[in-house]
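Q: Take a look at the letters that make up each chain.
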Amino acid sequence: MAGSGTAHLRDSDDPLLRVENLVVEFPAGSGRRVHAVSDVSFDVLRGETLGLVGESGCGKSTTARAVIQMIKPNAGRVVFDGTELTGLRGKELRQLRPELQMIFQDPISSLNPRRRVVDIVAEPLTIWKRDTPSERSDRVREIFDVVGLDYDAARDRYPHQYSGGQCQRISIARSLVLEPKLLICDEPVSALDVSVQAQILNLLEDLKERYGLTMIFIAHDLAVVKNISDRVAVMYLGKVCEVARADDLYSRAAHPYTNTLLASIPEPDPDFRPSTTYKARGEFPSPVSPPSGCRFRTRCPRAEALCAEEEPVIRANGPDHYVACHFPVEAPVTMTAGAPAGWSGPAAGG
Amino acid sequence: MTGDPLLDVVDLVTHFYTEQAVVRAVDGVSLRLEQGRTLGIVGESGSGKTILSRSIMGLLPRRNVVRRGEVRFQGRDIAKLAERELSRIWGADIAMVFQDPMTSLNPVVRLGRQLTEHIQVHTGVGKKEARNRAVDLLRSVGIPEARRRLREYPHQLSGGMRQRVMIAVALACGPKLLLADEPTTALDVTVQAQILDLLTAQQEERHMGMILVTHDLGVVAGRTDEIAVMYAGKVVEKAPTRTLFTDMRMPYTEALIQSIPRLANPSHTRLTVIPGRPPDLGRPLAGCRFAPRCAYAQDRCSVEEPPLVEAAPGHSYACWYPVGTPEGSDALARNRRNGQIHSSAAIGEA
Chain A
1 MAGSGTAHLR DSDDPLLRVE NLVVEFPAGS GRRVHAVSDV SFDVLRGETL
51 GLVGESGCGK STTARAVIQM IKPNAGRVVF DGTELTGLRG KELRQLRPEL
101 QMIFQDPISS LNPRRRVVDI VAEPLTIWKR DTPSERSDRV REIFDVVGLD
151 YDAARDRYPH QYSGGQCQRI SIARSLVLEP KLLICDEPVS ALDVSVQAQI
201 LNLLEDLKER YGLTMIFIAH DLAVVKNISD RVAVMYLGKV CEVARADDLY
251 SRAAHPYTNT LLASIPEPDP DFRPSTTYKA RGEFPSPVSP PSGCRFRTRC
301 PRAEALCAEE EPVIRANGPD HYVACHFPVE APVTMTAGAP AGWSGPAAGG
Chain B
1 MTGDPLLDVV DLVTHFYTEQ AVVRAVDGVS LRLEQGRTLG IVGESGSGKT
51 ILSRSIMGLL PRRNVVRRGE VRFQGRDIAK LAERELSRIW GADIAMVFQD
101 PMTSLNPVVR LGRQLTEHIQ VHTGVGKKEA RNRAVDLLRS VGIPEARRRL
151 REYPHQLSGG MRQRVMIAVA LACGPKLLLA DEPTTALDVT VQAQILDLLT
201 AQQEERHMGM ILVTHDLGVV AGRTDEIAVM YAGKVVEKAP TRTLFTDMRM
251 PYTEALIQSI PRLANPSHTR LTVIPGRPPD LGRPLAGCRF APRCAYAQDR
301 CSVEEPPLVE AAPGHSYACW YPVGTPEGSD ALARNRRNGQ IHSSAAIGEA
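Line order of the protein sequences matches chains A and B.
The first sequence lines up with residues 1 to 350 when you count with the working numbering.
The second sequence lines up with residues 1 to 350 when you count with the working numbering.
Since the hints were made in silico from the structure, they are not lab data.
It is possible that some hints are incorrect.
[To be verified] Listed next, with one range per pair, are the computed distances between beta-carbon atoms:
no., chain 1, residue 1, chain 2, residue 2, range
1, A, Ala153, B, Asp247, 34 to 42 Å
2, A, Glu310, B, Arg139, 44 to 52 Å
3, A, Asp271, B, Asp280, 34 to 42 Å
[Stated by the list, open to error] So these bits of chain A aren't anywhere near chain B, every CB distance computed over 10 Å:
no., residue
4, Ser163
5, Glu187
6, Thr260
7, Arg273
8, Phe284
9, Ser289
[Claimed, not checked] Which stretches of chain B does chain A cover? Using the computed rule of at least three CB atoms under 8 Å from a CB of chain A, they are:
no., region
10, 71-79
11, 148-156
12, 263-274
13, 303-317
Even for Gly, the Cβ is constructed at its ideal location relative to N, Cα and C.
Kindly generate the complete structure, drawing on both the sequences and the hints.
A: Pasting the structure below:
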């Protein structure tokens, strides 16, 4: 897992966001450093949804925060809509903020408990002095409608009067009221029940359509990420291991780590038999002293001597499919048995 | 083996008195588990699944709680026992694994003492023997360098390792029944797979009864003999695992399964949504508790509560218009014709 290299960046297009060689490190005392994000590159085209998937500590949230400059990256470039963000300071960066919005995992703690929800949603408009007060309230009413909340009932209400799913709708409304170009969703459905999760995922798909949004969707659940993303980047210990179209990644997973993730997913299907070759093993290494060479080698069933010596560079492994591995998986894990009708991936058992 | 099942829960009721209302958290639940079998209890937040498992264990406050019904463990009703008598059963006969391995272990006591104390109290063996057993136990749950680990504190272990220690503690006295309440919810997917494999292996090896409580149907799909689905304090469907997934009768079960994003489906598959949210258990409820959100619901459903009936051996459900029956299909068709299918637009205030 290495994931250094930029082979997967698309030059011919005009990406809304292009991240090159991003590095984020935190001091860990005694002169040591946490290598949270190590040389990560990716791009997101206009109107595209990029899924960032990986387990805790893989650097997916840190990457998102570094993209919007909430955390200053130690190295690398972040080009948003033609502007290099890493060089911007204070006011210049602030002027761009409305175009880059973010929603977070815990919808309840993301909202100020002492303010009425209509004011929470209207605040970005007030801060940026958009429209007249009456236009603003029309705008808020409209956005409440779009996210499926009753504006009139909300007028005198506070966040604690809403459920988790409804608070996530309020967060989404707040982030969209300024009509951003890029919406970053950091685990937006992880804290929600499955039935509510489906409501929010469908809502995000509708909003993407309606506003032509570009999204980065971060989650640890591959099935959720696959459902909402056009393209998916899999991360492990601060590196990108594999980038592919969402459907491709799941039917032709080439990186051993992607296969391990796929084999670990609890599929709600009693006949699903996950791969035993890529069964998860070992422990997540410390990001303070990551393994040499490929960072996944300590848990990888395909690792050889080369993997400890040399970090694999991202390279093409098929059309719009990139992998950072010396020995990528050729015959992918098949999604056997029980696949419901309509599933048209590589044949079950094949 | 006598004729008594390992666990026989009969019409268990747990209500809480709060300042505002009586909350009917568990409202007449009956379950049965034979030695060596596994039962999954599935439900969303607020369905009563955790209160049910705590009621079975007798781990509830005594004040402001109404408890009724029987919990027969090997033929003996333990629901009425005083805490002193229960403590002889806890650990030795029935053990529990909780969701959060961080808070279940004492942070300032070395792992060795937390394990051996428990073994000494319940089995009366000496310190040295207890220590040897602890080492064996840690090895059996897949913890490397077990002897060294005994000298460590909980914070020195990863979340997955801590959950392994909790499982070791639970298994220490050879319980006949293991209650695992969301044992993997706080863990990453690959770690989750490892812990579930461990639980399943230990359950089989020791021929224990196991109850796996979870919100995730995927977790129980391949690992239980039988599943009980809970909704608003009631069991609404109970069936052998495969039957539940392939031939469910309760519309809630069907909707829950359909709302989960599946890896087998192509990306951007529209998810089926359950509109609205679960009822407030502090209010008196008439009829079927799922009726307001149900695509099959008819007038009768909001007036008359359907009983949980065993329609086929081992398969019970509580529904007037079950999925896959002529009455159910008619009801669904009628609602569709009348345009009464709830849509996501109906998600307003509850």
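Q: If a hint holds in the structure, say so; if it does not, say that too.
A: Cross-check of the supplied hints:
1. Ala153(A) with Asp247(B): 34 to 42 Å: Distance hint for Ala153(A), Asp247(B) holds at roughly 40 Å.
2. Glu310(A) with Arg139(B): 44 to 52 Å: Roughly 36 Å apart at Cβ, these two residues miss the hinted range, so it is violated.
3. Asp271(A) with Asp280(B): 34 to 42 Å: Taking Cβ atoms as reference, Asp271(A) and Asp280(B) lie about 38 Å apart, which means the hint holds.
4. Ser163: At about 6 Å from chain B, Ser163(A) fails to clear the 10 Å cut-off, so the statement is violated.
5. Glu187: 12 Å, holds
6. Thr260: 6 Å, violated
7. Arg273: 8 Å, violated
8. Phe284: Violated, because the least Cβ-Cβ distance between Phe284(A) and chain B comes to about 7 Å, which does not exceed 10 Å.
9. Ser289: 15 Å, holds
10. 71-79: Result for this restraint: violated, n = 0.
11. 148-156: Check failed, 0 qualifying residues.
12. 263-274: holds (count 12)
13. 303-317: The restraint on the region 303-317 of chain B is violated, since only 0 of its residues have a Cβ under 8 Å from chain A and three are required.
Violated hints, listed in ascending order, are 2, 4, 6, 7, 8, 10, 11 and 13; each of the other numbered hints is respected by the structure.
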